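Asks: Got chain B; can you put chain G on it based on the hints?
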Amino acid sequence: GAVVSQHPSWVICKSGTSVKIECRSLDFQATTMFWYRQFPKQSLMLMATSNEGSKATYEQGVEKDKFLINHASLTLSTLTVTSAHPEDSSFYICSARTAGGPYNEQFFGPGTRLTVL
Amino acid sequence: GQSLEQPSEVTAVEGAIVQINCTYQTSGFYGLSWYQQHDGGAPTFLSYNALDGLEETGRFSSFLSRSDSYGYLLLQELQMKDSASYFCVGGGAAGNKLTFGGGTRVLVKP
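Chains as they are written, first to last, in my numbering: chain B, 262 to 378; chain G, 37 to 146.
Calculated from the structure, these hints are not laboratory results. Treat the hints loosely; a few may be bogus.
Calculated cross-link-like contacts (lysine-lysine; reagent style PhoX-like; alpha-carbon spacing at most 20 Å) [to be verified]: (1) G:Lys145 <-> G:Lys117; (2) B:Lys327 <-> B:Lys275; (3) B:Lys281 <-> B:Lys327; (4) B:Lys316 <-> G:Lys133; (5) B:Lys327 <-> B:Lys316; (6) B:Lys281 <-> B:Lys316; (7) G:Lys117 <-> B:Lys302; (8) G:Lys145 <-> B:Lys325; (9) B:Lys281 <-> B:Lys325.
Distance ranges between label pairs, derived from CB positions [claimed, not checked]: (10) G:Gln55 <-> B:Lys302: 20 to 28 Å; (11) G:His74 <-> B:Thr376: 19 to 27 Å; (12) G:Gln112 <-> B:Val264: 41 to 49 Å; (13) G:Asp88 <-> B:Ser270: 35 to 43 Å.
In silico negatives: residues of chain G with every beta carbon more than 12 Å from chain B [as the list claims (entries may be wrong)]: (14) Asp88; (15) Phe96; (16) Tyr106.
A quick note: this is a predicted structure, and the numbers were derived from the prediction, not measured. Where is the CB? At the ideal position from N, CA and C, for every residue including glycine.
For reference, chain B alone in the conformation it holds in the complex (with noise of 0.2 Å):
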C-alpha cells in the first residue's frame, strides 16, 4: 500500500525559532499533499494544500508567512513553521493522495508533535 513518512517524528525548539517538517511519498509519486493541525483531543483541521511545482493554497485563517510549504518535488512537500511560539504546539499531520485511488482515500504520514517551548 501507499505508504508516507514524515520526519521528525517529534521535535522540540524554543520560542522564536524555526521548524522544518518533511513530508514523503515513499513508494507513489503525490502531485498533492495536505497538512494538517490536530490539537489534543480535537479533529483534523486542513492547513494547506501543497501543490508540485506551484504555490501552496492555505485555507483560511492559516497564515502563509508562518507556515511556509514547499513542494518541490513529487514525493516531498516540507512544512516550515517560522518564529515559532508556544500556541504553535500541536500535532502537524501530512497526507497524499494516490492517483486512481478511491476518490476520498488519503495516506497520512505518521505525524510530527512540535513542542515549543
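Replies: Frame of chain B; chain G shown alone:
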C-alpha cells in the same frame, strides 16, 4: 464549505455493536468517508460512500443517505483494539480537500 457533526464519545463492551452517526451540511457533496485514528497515530482510511446505501468491509459497515445528509459507521463484534477515534469526512473534489468531523472517541471495555 462543509460541516460534519458526530457524537463526541461512545462506550461499549467487547462483542457489542456500535453505530456512529454523522450528519453533514455541504455546498457540494463528493462522498462521505470514515477514518480511524488511534491515540498518537495517523488516521487510516476505513470506507467511502459516494452513493446511497451500505458498504460492508469485514466487521465495519458504512451507510449513506444523501437525501437526509446522513451517514453512519457500524462497528460490529467490537474488539479492544477498536478503541480509537473515528472521523466522518466529507469532500474529495475541488482539489481533493477533505473536511473532518469532530471525531467520535470509542472506548471498548472488557
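Asks: Look at each hint and say if it fits the structure.
Replies: The hints, checked one at a time:
1. G:Lys145 <-> G:Lys117: Distance ~10 Å between G:Lys145 and G:Lys117 Cα, so the pair holds.
2. B:Lys327 <-> B:Lys275: 16 Å, holds
3. B:Lys281 <-> B:Lys327: 12 Å, holds
4. B:Lys316 <-> G:Lys133: 16 Å, holds
5. B:Lys327 <-> B:Lys316: OK: B:Lys327 and B:Lys316 at ~14 Å, within 20 Å.
6. B:Lys281 <-> B:Lys316: 17 Å, holds
7. G:Lys117 <-> B:Lys302: 18 Å, holds
8. G:Lys145 <-> B:Lys325: 44 Å, violated
9. B:Lys281 <-> B:Lys325: With a Cα-Cα distance of about 14 Å, the restraint between B:Lys281 and B:Lys325 holds, given a limit of 20 Å.
10. G:Gln55 <-> B:Lys302: 20 to 28 Å: 22 Å, holds
11. G:His74 <-> B:Thr376: 19 to 27 Å: Since the Cβ atoms of G:His74 and B:Thr376 sit about 21 Å apart, the hinted range of 19 to 27 Å holds.
12. G:Gln112 <-> B:Val264: 41 to 49 Å: For G:Gln112 and B:Val264 the Cβ distance comes to about 29 Å; the hint is violated.
13. G:Asp88 <-> B:Ser270: 35 to 43 Å: For G:Asp88 and B:Ser270 the Cβ distance comes to about 40 Å; the hint holds.
14. Asp88: 16 Å, holds
15. Phe96: 15 Å, holds
16. Tyr106: Holds, since 17 Å exceeds 12 Å.
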